[in-house]
Every structure is written in structure tokens, then in C-alpha cells.
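With these hints in hand, go ahead and build the complete structure from the sequences.
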Amino acid sequence: MNNEVLLSVKNVDVEYEVDRGRLKAVSNVSFDIKRGEFFGLAGESGCGKTTMAFAVMRLLKGMAHISNGEIVFNGKNILELGSESLRQFRWDQASMVLQSAMNNLNPVMTIGRQLADVIVAHEGKKTKAALRERIKKLLAIVNIDESRIDAFPHELSGGMRQRVVIAMAMALKPDLVIFDEPTTALDVVVQYNIIKRVIELKESMGFSILFITHDLPLMLEMCDRIGIMYAGKIVEVAPVEILLEGPAHPYTDGLLKSFPSLVGPRTKLKGIPGSIPDLITPPKGCLFKNRCTKRTKDCENDPVNEKLSEGHYVACFNKLNGIM
Amino acid sequence: MNFLLPRTMGGDPADFIAANNAMGSPEYAELLRAQFGLDQSIFVQYFSYIRELLHGNFGISFTSFPVPVSQIILKALPWTLLIVLTSTLISFGLAWVFGTLAALKKGGKLDTIMVGTAFYVQSTPYFWVAMMIVMVFGYYLDWFPMAHALPAAMGEVSNLQFIGNVFYHAALPILSLVVISFAGRMVVLRSNVLQVFTEDYLVLAQAKGLHRRTILFRYAFRNAFLPSFTGLMLSLGFAVSGAIATELIFSYPGIGLTIMNAILSHDYPIVQGCFAIIAISIITMNFLADLVYPFLDPRVTLD
Amino acid sequence: MSEKALIRFENVDKTYTVGSLFNKKNIHAVKNANLNINKGEILGVVGESGCGKTTLAKLLTNILDISGGELYVNDIDISKMGKAERKKFRSEVQMIFQDPFGSLNPAHRISYIVGRTIGIYNPQFTAVQIREKVKDLFTIVGLTPPEDFMDKHPNQISGGQRQRIVIARALAVEPEIIVADEPTSMLDVSIGIEIMNLMLELKEKKQLTYMLITHNLASARYMADRIVVMYGGTLVEESPTDELLENPYHPYTILLLESTPEPYKKDKKAIEAKEDPANLADPSPRCMFYKRCPYAMEKCRKEEPNWYQNGKHRVKCFLYENIDGPTESLVNIDVYVKKETEAIDY
Amino acid sequence: NSTDKSGDKSATSEQDTKTGDDDSKSTDSGGSDSDATQAQSGGILRIGDYVLDTQMNNKNPYLVSGVWVFAYPFQYEKLFYANPVTGEIEPALAEEFTWNDDYSQFTSILRDGVKWHDGEPFTADDVVYTYQNLIDYPVLDRYGIGKRIKSIEADGNKVIFNFNSTFTAFKNFSTAIFIVPKHLWDGNDPSTYLNEQPVGTGPFMWTRYNTGVDVEFTANKDYWGGTPKLDGINVLMYNSAPNLTLALLKGDIEATSGAMAMSSAPEILSKDNSNIQLYSGQTNFVIAMNNEKPGLSDPVVRQAMVMAVDRAKLIAKGEYNAVSPVSLGWLPDLFGDVVSDEANQLGQFDIAAAKQLLEDAGYTLGKDKIYQKDGVKLSFTYYNASGAPAQQMEAGMVQQWLLNLGVEIIPKLATWPELIGLGMSGNYDLCQLPVAFPFDPEAALSSSFNSSMTAPTGELATGTNYFRYRNVEVDSLFEELGNTIDTNKRKELFHNIQVLVANDYPFIPMYNIGGHIPYFDDEFGGFPEDRPIFESTQSMINIYKK
Amino acid sequence: MNKKEQTQVKHKSDLRMNFEKYILRNTRAKIGISIISMFILVAIFAPLIAPYEPKAIEFMAWEKPSLKHPLGCNSYGQDIFSQVVHGARITISVGVLAGLLTSFVGVFVGLYAGYKKGRVGNILMRIVDVFLVLPSLAVMIVLAAFLPSMGVINMIIIIGALSWLWMARSIRSQTLSESQREYVFAAQALGKGDFEIMFKEILPNIFPVVTANMVMVITMSMLTEATLSFLGLGDPNLVSWGQMLSIAFDNSAIIYNAWYWMLPPGLCIATAGYSFMLIGNSFLDIYSSDRGGAIQL
Ligand SMILES: Nc1ncnc2c1ncn2[C@@H]1O[C@H](COP(=O)(O)OP(=O)(O)OP(=O)(O)O)[C@@H](O)[C@H]1O
Ligand SMILES: Nc1ncnc2c1ncn2[C@@H]1O[C@H](COP(=O)(O)OP(=O)(O)OP(=O)(O)O)[C@@H](O)[C@H]1O
Ligand SMILES: [Mg+2]
Ligand SMILES: [Mg+2]
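Top line first, the protein sequences correspond to chains A, B, C, D and E.
Taken in order, the first sequence gives residues 1 to 324; the numbers are from the numbering used here.
Taken in order, the second sequence gives residues 1 to 303; the numbers are from the numbering used here.
Taken in order, the third sequence gives residues 1 to 346; the numbers are from the numbering used here.
Taken in order, the fourth sequence gives residues 1 to 546; the numbers are from the numbering used here.
Taken in order, the fifth sequence gives residues 1 to 297; the numbers are from the numbering used here.
Keep in mind the hints are simulated off the structure, nothing from the lab.
Please read all numbers here as calculations on a predicted model, not as lab measurements.
Using N, Cα and C, we set each Cβ at its ideal position, and we do this for glycine too.
Treat the hints loosely; a few may be bogus.
Below, computed lysine-lysine pairings styled on DSS-like, alpha-carbon distance capped at 27 Å [stated by the list, open to error]: (1) Lys152/C x Lys116/E; (2) Lys64/E x Lys317/D; (3) Lys116/E x Lys88/C; (4) Lys64/E x Lys250/D; (5) Lys196/A x Lys269/C; (6) Lys133/C x Lys200/E; (7) Lys270/A x Lys205/C; (8) Lys83/C x Lys116/E; (9) Lys271/D x Lys64/E; (10) Lys25/C x Lys117/E; (11) Lys274/C x Lys136/A; (12) Lys268/A x Lys87/C; (13) Lys192/E x Lys88/C.
Chain C is nowhere near these chain A residues, computed Cβ spacing over 10 Å in every case [what the hints assert, rightly or not]: (14) Glu44; (15) Ile66; (16) Ser85; (17) Pro107; (18) Val108; (19) Met109; (20) Lys126; (21) Tyr192; (22) Lys196; (23) Cys292; (24) Glu310.
As C-alpha cells, then:
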């Protein structure tokens, strides 16, 4: 991993137009991903992770729009891309694996055809033989036997389908691969296998990963750095080691203490009582204040992002662990 | 049921014929009854009906005694099939194209107009549409013939001319059937396409940076078509219902009209025969659909 | 335990019939299950998706009928209950479902949902009494003040609150046994842990017996006294919780343990396992895990292993077939350790 | 072939018929002789008919079901022809006839030089064969002629019919029997013979049927009555009367067979060159009254009800004057001089008088404005055909008139077969239906008014006396009629019967359905006026293209 | 006592909530409701609105539209405008009553076959399938020929007898999927009776589907009424829009250029049906988006 910044998200706001008004699903979010970095994004359901990922791919449509900020990818603001250059940007530079393996693939096309589509769309027409050769190699990297090239998605198990999508994501050697909860529908054993494979691929290819999941233990085991989102904002970004030692934000702390563990004493865990505030009419000040044990009257103001150490940012008035 | 249903109708066909032709003479009606086999008990009638059916016979018509029902039906069926199948295909094709266009521009002008019109047309009485079509295109404008499946006194013509004539005459009936069925189909296909647009694989297809064309034709179009395929086959049953009014209005020699008249004149064998034929053809269609479906949708296997 | 257990599964089978008229298949979702649950105990059931956990739960709550064997609750064979017995049974065994969004009828107010349940078992109660009782229950499950919630519809409250309502509804009939099918898997962890805490608390207060189904070993460890591991419709291992984690017998249990992410555990080895889902439609006797098992023997393909028992710890695996008396685990983690792969390029 | 015009004169006691052909030709073609000569060039007349494909399978003129009656008169001929326009019986295949003294033997002398369409000569054997079939196959014999025939003999060009007893009406009945060729039919069972390719003696020959579209007929150059001026006729098939009308007005056809939407009559007549030929026929539309039902059993009530119905308005509004009225004496114009004028005058529309009649008879108006007497309220069910809007509209008018009179009507619908069933069983109070009769005044009257032709309510009537009408006096007149041979005496008896029946008011007359044939004569001429345009072979041969 | 009142008040507010949710929030539903209310008002006050007795044969046949006769007179000399106004009564009530009848049977059978399954349910669905294969219009004609003539009631029974089939099918499939939802299992585990589950648990959840279906059936019923009338199976003693069209066709209104006779009844049927469809469709839309249906992309 070098220190070159691949993706820089700066003060991005995303709003959904809903019946009751505007829902700010992502507000003022900034973070960087370095080349070759395995970056995780964690947070409770509905905190805006998927929205953020879709914003990076510019897949948001219809009622959603990015109302503020910029997303700089390889030095280019992708929010300014025209439709053809956007098409070329997608997948060639950043690819994405969606949550459910079942529905990621078109059920009525062979996986070979679907892989070929990607290649043809970005590299132009090729001979059939060349294409097949390329696709077989691709399948091989995710441990799928090349004989399955003409299989339909329903003929494969969930894990295999997810591997096919991963192979697809690797096909054009992009700089960034976004995984949006890639394995929640899979069993732990399969999930473990797949993610290990992804890491191997990352090591040898050198792409960066934006990894979104609920599963904090998994993330802690796999990622280099983690961003914690809460109610549309990033409250803390920190390298894994720091988080394991002790996070700075009370929310991160609560989150980490919500996971039962397989090792260590069987102590009682606390969780975080309460729930995410309504994002259409958010309260003033820190959005976490209602659930926070460390709440003070400072919290009525908006906390600002502070850099604590290299790669560690937090937005809180009452940081834990005295790290300062 | 085919057998019982028509028989539940009141009135006796033999009496009716006798009254109209023989001063209502009961003796004469009795003779007719014997000739039609209606003098036997209902069970005997039923068994002979079943026996004949197993031999592929539908019995002999009363009102056009002594012509076998199958002969009557076989003459009428092709015409009905012609207009029903052609109109179904045309309306399906149009619905597919326009449904997709409307779905693509959901909420747009075209979509609003199309959907609104479709709802409206769907609630229009079918026969009325047909009447209006006859009135405008057949009577006032005189672009198409108002009646018949072929020109009168056609004489010997080449095959090409024959086919030309057939479609020239079928134009208005088909148009009327298309107008009516197009609307409903379009709404369905539009919502299918919209449904497909929400599928993850379509989101992924977009993320993949595929060309718009590819997304539309490879991913959206075909998948949107699949759910309505079986419905397409079932809808033929409705189309036959529609054919009754069509054939009445366009003096078209099909099976709908045959049924209608047979019912009105209590000609059980024809009613039975038509119901049986229609049921059989719809069941066959469905069977064919089931056979073809696996080729269209690999998720379904044939076994 | 000399006394008979509260719940006894004796060779319980469950098969689903699926497919069309000409192409019928039997899915053996639960096979030959033998299991006791004692009063006041929390039994955890873990296993991969589709291994039959939910089926087991539905059998115990009598939502599904068993296809073979016997299932006793309080010494009553629940497949042979009469109407009155069934009603009594319903008030003894209650279920909490995985999906708090689906298990509450969105058409009713939550006060009705809970109140109606009380009403069924206490027909003598007046509306006022029921309302009071509902308020009590809401307080018990931590929905305070109850008045704030009474008249809401399920879709007006959060997932965690819904799951609390589900628990309140289960408690409304004052059951002895609660079967919880992944009660927290649809919830955010921070909320889920509270639900687990609530369940533990209620167990003490009300002397409940739990069957807790989960696919997460860590949650099972947090809650359960004893854990049963299922694979492919069969119970493969059963043991008190700590013993299971320390000394897992079955190759599958070990795979499960090693695959569970555990950031705090040092020196984790990278492992890799075959993926080959168990085929529940194949009726031939065998160890369901044999295709994926690094230790698989010829025998595993042809016969079903018997229980090997070591005190309260028992396992169904041919590795232990000839062992008499207590033993350490015969499975070495290293069989799963990933071999080095050459650099990847494509 | 058509030289023997002298034979056109009938040698009967009935008055001379006009010798149709020459006269009518000269009158019709009037001042347009040049057109008539041009006519030799041919032309094909297009006629529309309300006919279905199911009627095209079977061309057996004996059968009554599934046949296309309209086409027979072009192709087949009978011994005699009953002309409904003039009410006379004209010679056809038989040139002359003689009766024996007690009217139990009838000799018909056949026309010479008649040929079948296939070139075979027409002989007395064909006539014998035709009539013998009626005896051998009762199901073909709807008027029950066969059982009255003792024997039939051919003798040169004569056919001698011997009857079991006096059978004065035979000549009338013979106008209903088409003669079929023995040489083609012999050996087939005539009760199921389909007669795929009809061969007759008429002026037009069946050429081709184009399924569901039309039937083409070609002129029979060898027709005994003269070569038809047209090359052929072409009958187009339509499914409904409105469609026929549309086709006629659009110009797809020059004439219709008679089926048309009555309401279109004014519009058709408003066009140039349009005509509608009207003549009475063998079906009376009436509102049958069950003379046995309480209330209706009182002749005064029946009379009042008849008088409450404005028949002229009914015909004008409901049928656009395209039908002829029905007399209370039953017989329509086509029966000529046996029709009683006196009967026809009875029961004129006059609601006030009708009310008075009821009051005089002791009926009183109830609170609901309905007359009643002795607990019997004048409230009747009124059956009417479903699927026939014009009928229903007329029923609505009648209902209103009867309500004006003070009689309550409960309308009910039934299909045509059900209506007939109701009529036969008598399970009705009022029932609006058509009653058909043969071309014989005696049979027409007897079948509907002889008490032997009815049965008590609930049992099936043996004839068309659906009214449950019984009058001893009438019955005895019928008996007398059966024994009377003398024409003048018979005429008197007919008159007496009609007057008696009319005075009993057994039904409410509506109208008589005969022919109402719209046609355009801009391109074709020679349409006859003294005979039906299409029903008579003689008239068809004179139509020509201008 | 007090309690009861309270719950009743609650109930009302519930209804109002649904009303707001399904109707007021949706423009299409609003349009539909307003058109249909207009028709219903016309139907109720028909005698006040119509200038003449609809069946009175009093005027000149084929009169063209004029101030005296806004839509002219028909072939018998009846005032067409009065007929259109009165026709609303019959056509709409046939539609609505047949819709209600259909819904009643369809919901019951659909719920039963979908929830209880079992032999009775299967047989019911077999019957449904058999009937669905036959062309419904033809079967209706047979029924019409068979049933003793009873006018509107007849019509309603005939339409109802066949249209419940589709409804039962759609309700059944909805019930099938609904009964896989966990609240149904929960109800079973709580020992609720089958009928309570069917009608109190499942039914409220598929209510929008039922309503939407019902509304569609109403439209279909009005169309069927028109078609049967056109085929001559209607009750001629009543003035319905279908009956008017039937008579117009039979009396060759085309050749008289009598658009004022042929257009209004057809347009009325279409408009009334259209507004019902609008209502039904917006119900379904809201229902499916309530269920987390289509998320727009
Ligand atoms: N299409 C949409 N229309 C309106 N609101 C939306 C839409 N999609 C998402 N939202 C809202 O935006 C917020 C963020 O949603 P998002 O899907 O990004 O969350 P997430 O963190 O990915 O949640 P999860 O972990 O459940 O996937 C949520 O409150 C959600 O309700
Ligand atoms: N109603 C049913 N009909 C047919 N097969 C079923 C049915 N329910 C479950 N199965 C099958 O039985 C097997 C066991 O299912 P079950 O739901 O008990 O698994 P589970 O362990 O609860 O899985 P999960 O963790 O995904 O909830 C699976 O293969 C499933 O496909
Ligand atoms: Mg998400
Ligand atoms: Mg489960």
C-alpha cells in the first residue's frame, strides 16, 4: 500500500425526495481511500452506507441526488462526468458487488455471456475464442471450474454466484472494488473463503476495496481502516488497530461492545439503547446525543471532524480514552 | 360439465323446430326427438356422448341435422384462430414495444398518455369499439370491407391474392381485437418492465457500464417478457369470448358466432363441441407453452 | 438427570414434499433427531443456512406436524394431542420469530396484537383488565411508558421495539417454553444485544426454558447453556457451551468455529474448506458432511454414524466410533489450513 | 323450351290467374326496352341474406333444420305455387289439375319439356318419388300429408293421387313440397341425405359456396319458363339484420332477402332508386292470451285488452310500417277472398270504450288503478322474447297501453324456444309470439282455433291453439268445413268461422310477418310487383341488368 | 361503556387514516372518486335531472339533438338524454352489486383455498380452473339462457357467477404468499382459530388487493352487462347503457348518422369504468409500495 489517494469523498450530501420531504441519507461525508487500501464502512442499518456506495458509482437516480460535495477519483471529479465518460468510468475504474448473490446475475443468461458483456462493453468486440479464454481465466481466479462457463446462474450455489460477480468485478482490473454487504446472505464458512480470496486478489493486483457490512468482527479482521457511519454522517475513521485498542467515539465504542465474542470471559454486553433519529427532520447538534452516555451540553452543537492521528478522524465533543 | 351445461337451458329444441315449421304438431316434435336421440334418458345420452367423444366425434347438430358437429366446427375454427392469433401476436408485440417505452420514461408525457389511454380503452365495451371501427373504416371511409372473410364470388385466384384477400377482410376484426387487448397487455408489460428495472441484476448491469442498448435488449426486454408468456396463452380463452362479438359485428364466419347461435337455438351438440374444442385448444396451448417455456427461461426445467 | 426432561425429541423426522405431480421430491429437513431440553435451560441450536433449524423449531411449537418419531413436551406426545390439550400446549410453548417485521400483523395495533392473545387464553377478562395486562407486559419488555405504544401500528415502531412486542405477545400466555428462531439476526447488533439481554432477564424472572436458534456461534455462546450443532438436517454434536468451544469434536463444528470472524483472537490461521451444500433430497444413509470432510472415509458415504457420548458431550462422527471413554478432539485444525497459492494474474 | 306459354292458364274453378311472365315483363320493363335488350348481356345480382354457415351444409329441401330455405325457390319447384301477393295459386311444374267428385282423387298434369339441371328430363316418376318419401319417412312430412295419401300413380305426364278421404286442401299443401329428382336421390335415405350438389328444375343452379361469404348461382339457360336475363345471382351471407342494412346502403348488395332492421326502412326509402316490396306471409305475430286463466277467461276482458292496443301505432313505431296488420279473424290477405272483412273491423283501438266495457261488465278500479272483479285482479304475466329488442320495445308499448286501460302487466323474458314451450304448455297469461301456419286457410284456422288442437293448461297443445280457445260452435263449423266441397259454401264457412273467432277475442293481434324486401333498382330492372321478388321462380327470370 | 365508545372513535380515525392514505394522497384516486361520485349523484337524482320519462315513446323518431332533446331521440322517439341519465342507475348498480357479490364469494373461496388448502380447497380451485378454460362470455350466454328471467338480478347473478373465479384465484395466490408470513405462524402458535386467522389476520392485510380486485370487477361487470345486453340477453324493460347501445345497433343507428345515440352510452361506460380502474389501480400501487415494492432506480 502506498500513500497515494485513490478516492477522495469531500463533504458529500445525498438527499432522497420522499413523500414527507427531503431525507438526507448522507450528509457532509468526507473520507479518503488510498491505492491498495482495504477500507471498511460500518454502521447501523439505514445509516447511509449503500447510498454512499451508490454515490461513488453515480448509480443514484430518480428521487435521489447528490446535492453537495465532490467525489474525486484518480484526480477527477466524477460528479462532472458526462454520460458516455461515466459509462466508461463505471467498472473500468470502479466496480461493485451488490448485497444479494441471488439477484446480481441475470437469471436467463449464461454467466459466460454476462462476463463477456462487460468486456465487450469496455474493450470493444473480440473474437469468441479470445473472449472465452479470458473468461475462463477470470473464473479460475475465483476458483470456479472453467466448465461452468455456460452455466445459468440458478445452476450455481449462492457462494459460486457471488464468486462469479466478484470475477466480473475484477474483469477489467479496476482501481476500486466496492463490496456492499457481499456475504450477508452466505454462510460463515463460505463467506470466510470468499473474502480470503478477495484479499489474495487485492494483494496481487493492488486495487483498493470499499467494503460495507454490518459485521464488525469480520471487518475488524479483514480491513486496514474503517469508517463508522451514524445517521448519514461519518463519526469516526480509524485504522483497525486503534479501534481494537479503543475507539474515540462513544458510538464506535458501543458498537464494538455489542458483539459477543467467542473468546474471553462471558461478560454481559450492553448494546446501544434507542434508535437512529428521523433523517427528514433531524434534531439539532450531534445526532447521536440521545443515545449517548457521555452527553454534555456541547452536544447541542454540530461536532466537527478532528484528526487525532494519521488516518484517524473523529467527530465528537466527548472523546473516549483521552487520546488527544 | 360440457354435457350438462347446455342441457340446463330451458326449452326443447324439437318443440321449437316443430312449432316453427309444423304448426307445433307434437307428433312431429316426437319424430324429431327420436331422430336427435333426445327421446332416450339423460344417462343413455351421456354415455353415447362420451362414447362418440372418445372416437373423436362430437355428435350431430340438431339445428343443421344431419351434419356432424365436427364438420361445422372445423369449418369455423380456422377463421377464429386466424383473427385471434394474429391479433394476439400484434397486440402483444405492440404492447411490448410501447410498454417498454412507457416504462423507460416512467412519469413522462408518453407514459402518462399511454397508461391513461390504456385504462380508458380497457374500460370501453368491446363491441362498441368494434361498432365504431365498422362505422368509421368500413362504412364511412370504406377502406376495408365491413363483413366476411373473403370477397364475394372470388373465383380462382393465386395463393398470394388469396392471402391478400384474407388479410384485407380480416383487417377490421383484427384491428378491433388489437385495440382492446393491446391496452391491458401494455399496462401489464409496462409494469413487468418496471419490475425488472428494480432487480439487482439491472442495477448491476448499469454499474457494469454496459451500453444502454445492451441493458435494454439483453437484460430488461427478455426478462420482462417472461412472466407474461404463460398469461399470453391463457388469454386466448378470453380472446375467444371477444371473438363472439367480433364475429357478430363483422359477419365473420368463426366459432364465436357458431357458439352464440347454437346456444340461442339450443343446439346442444354444437355447444358441447365448441366448448370441448375451445377447452382442448386452450389446454393444448398451455401445454405447448409449458414445453416452450424452458427454452425461454432456463430456470424452468422440463420434467 | 434421572428425571425425565421437559422436552424430548425421540427419533423425530420431518420431510417436506415439493415439486409437481410428476416430479415429487422429499426434502428431509430434520432426520432422526434425538434431543432433550431440561426445564430452565437455554439450548442453542447452530448450523448453516437450510440445515433445518427453523423446521426443528416449528416442530416443537407444533406449527408443523412431525413425519416420524415422537416429540414429548411435559410427557405429552404433541402429535397426538386433543383439542383441549392443544390449547393448553399453546399456552406452554411460544415462539419468537426471526423477522420482527413479518411476525406482527401490520394491520393491527400492537395493543390488539398482545391483548387478543391474552383474550384467547383468558376469556373471562374484561377489556379493561386486558388493557391493564397489556400495559404490564409492555413494562416488562421495556416499552415504557406503555401508553406511548399501545395505539401504534407495528410499522410505526422500530425493529427492536417490534421484537419486544413479539416477546410481550409470547409472554402474554405465560408460557414455560420459548422457542426463539434467530430473534436478533434481522436487528442491528446494538439492538440485538439488548433483546438477548431482555430474554436472559426474563428467563430468570419467569423460570423459562429456551430453545434459541442462531447461525452465529458467538451469540449462542452468549446465551446458551448447551449448544447443539446441526448439519444437513441431522444433529451432529451436542455439548455444554464451554466444552464445545474448547474441545469441539466434529470436523464441521471446528470449521464453523474457525470461520467465525473473531478480531480479538490472536494467531488465527487462514483456512479453506470445500463448498458443497448438503443434499437433503437424497434419502440414502450417510454422514451429511462427508463431501466436505477432510477426514472422510469410505464408510461415511454409506452409513449414518451413531452418537459417541462423553458425559454431556456427544457427537455423530465415525472418527469417534471405536473410542471408549472420554477423549480429546480428534480433529486437527491444520487439515483446513490454506495451502500457499501462487501469485494470481489474469 | 319456354315456348308453351298457354299452359300458364290454370284450368281450375278458381279464377284465372294472370299469365305472369309476359304481362309482368312488359309492365316492369315499361319504357325501358333498350335496357331490356341490353339485359341479354347478363349481369349478376347481389342479394344479401341473414344466413349462417351452419345452414349451408345441408341442401335437402325436405328437412326443416339447418337448411337455407331462401335458396330453394331458385332451384326447386313445386307442383303449384302460392303467390302471397295476389293470394292465388299458380301452376308450376303441374300445368293443370283435376279433382274427382268427392275430392278424394287429385290428378295433376305435368308440364312438358322440363329438364333437371343435369339435363335429365323431368317425369311423373320424380313427383311420385317425392311424395312417396313423405309416406315412407314421416319425419319429412311436417304437414302430415303422407298419412292422408292412399296411393300415388304415374301415368304418362299425369300423376294421380288417391286419398283416404276427402282432401280438398291438397292443392294448397302441394305448394309446400319441392319436387326432387328421383334419378339422383334414389337409393339414399332422404331423411339424412345432405344433397351436396342440388339439382332442381328452377331457373338458377347452385354453382359454388364460398364458406361464410356467399353462394353463387348460375342461370339455367334451359329453364322452361325462359332463359333468365341475368347470368346469375350471388347471395352474400350476413350475421344480423343491421349488417345487412349497412351492406345494402353501402352498395355491397342490391337487395336483401327480406331480412332487415325495420327501423332502417325510412332511411332506405329516402334514398334514390330504393324500393321495399311488402306482402303478407304465413306468420302472425300475436300476444297470445290463455283463455283459461282467471280474468282472461272472460271474453269482455279480452275484448277490452284488444281494444286497448293501438295496433296502427305499434306497426308504425315498432315496425316502421314494414309489416301488414293481423286481423282478429286470423287469415291474412294472402288467402284472397276467404278473408273476412267483418272480422277485420273488430276490436278497433279505443281505450275509453274498452274501459266502459269493463265497467259495464262489473269490473271496478282498485286503489292501484287496476280493474278487478270478484277478487280477481286484472294482473297478468307477459312473456316476451329475450334477445329481440324490437319485440321488447313493442312489449313495452303494449304494457303501457294496458296499464292505461287498467290492466297490470308483469313482464318476463324467455328465449325463443322457451316461449314456444310456454305456448304449448299454456303456462302463461300473456305471451308475445309468432304463430306460423301453412298455405291453407282451413289448416291455418283449425290449427289455432279448433278445440282439438289444444289441451288443458299444463299439458302440451296438439297444434298451435296456444290460446286454449274452445268454442263448440266453431268446432262444429270446422267439422262442416271438413265435409264441404263446394267452393262458395266453403268460403261462407270460412267467413263464419273468422267472425265467430274474432268476436271471442282469443288473442291480441299485432302484425303479420311476410316479405319486406328492400332493393335498389338503379342498376337492375325488371323487379316484379305482382309476386314476391325472390320467392317465385317466375319473377326471378325477368330481372335484368340495365 | 366508555371504553367501547373510545374504541369506536379509534376505529373511525383508523378509517380516516386509510381514507387519507389511499385516496387523498393519490391524484389518480382523487380523479376516479370525483368522476364516480358524479355518476352516482346523477344516478340518484336521475328523475330530477332527466327531462323526460326515459321509456316514453312520445317524440319523433330520429330527432337530431336540439335544445329540447340535448341528445336527440332514438328510433322509437325516446329522449336519449333521459335514457343516458337513467341508464347510470342500472349500469352502475349492476356493476357495483355484481362487484360486491363477486368479492364476497371470491374472497371467501380464495381465502379458504389459499389458507386451508386441503381437499375442499383443491377441489374448489379445480373447479375454478375448469371454468376459466371455457370462454366466459359463452358460458354466461348459456347461463342467461338457462336462468329464469329476472332482469337485473339475473344479470348480476350471471356476472357474479363467473367473475368470482378470477377473484378467487388472485385472492388465493395472495393468501398463499401471505400465509407464509410469520405473523400467520405466530397466530397459529398462539392457538387462534382458522377462521380468525383467515378473516382477522390475513384479510386486513390483503384488503387493498381485495378492494382493487373488486373495483376491477365492477368495471368488468359494467362491460359484461353491456356486452350481454348487446347480445340481446339483457332486460329490455330497464334502461341501461348497454341496452341503449344494443338497440342503437339493432336499429341501424349508423346509417342515420346517429352519433348522439351511439357515442354517449359507450363513453359513459368507458368513463365510469375508467374511474373505477383508476381507484383500483392507485390502491394497488400504494399497497405494493407499502410492501416495500418497487424502489425506483
Ligand atoms: N430509494 C429510496 N427512497 C427513499 N429513501 C431511501 C431510498 N433508499 C434509501 N433510503 C433511505 O436512505 C437512508 C439510507 O439508506 P441506505 O440504504 O444507504 O442505508 P444502509 O446503511 O445501506 O442500510 P442497510 O445496512 O440497511 O443496507 C435510509 O434511511 C433509507 O430509508
Ligand atoms: N415449507 C417448506 N417446503 C419445502 N421445503 C422446505 C420448507 N421449509 C423449509 N424447507 C427446506 O427444508 C430445509 C430446512 O429448512 P429450514 O428453514 O428449517 O432451515 P434453517 O436452518 O432454518 O435455515 P435458515 O438459517 O436459512 O433459516 C431447507 O433445505 C429448506 O429448503
Ligand atoms: Mg445497504
Ligand atoms: Mg430459519
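Review point. Broken hints, numbered, in rising order?
Key: 1, 12, 14, 21, 22
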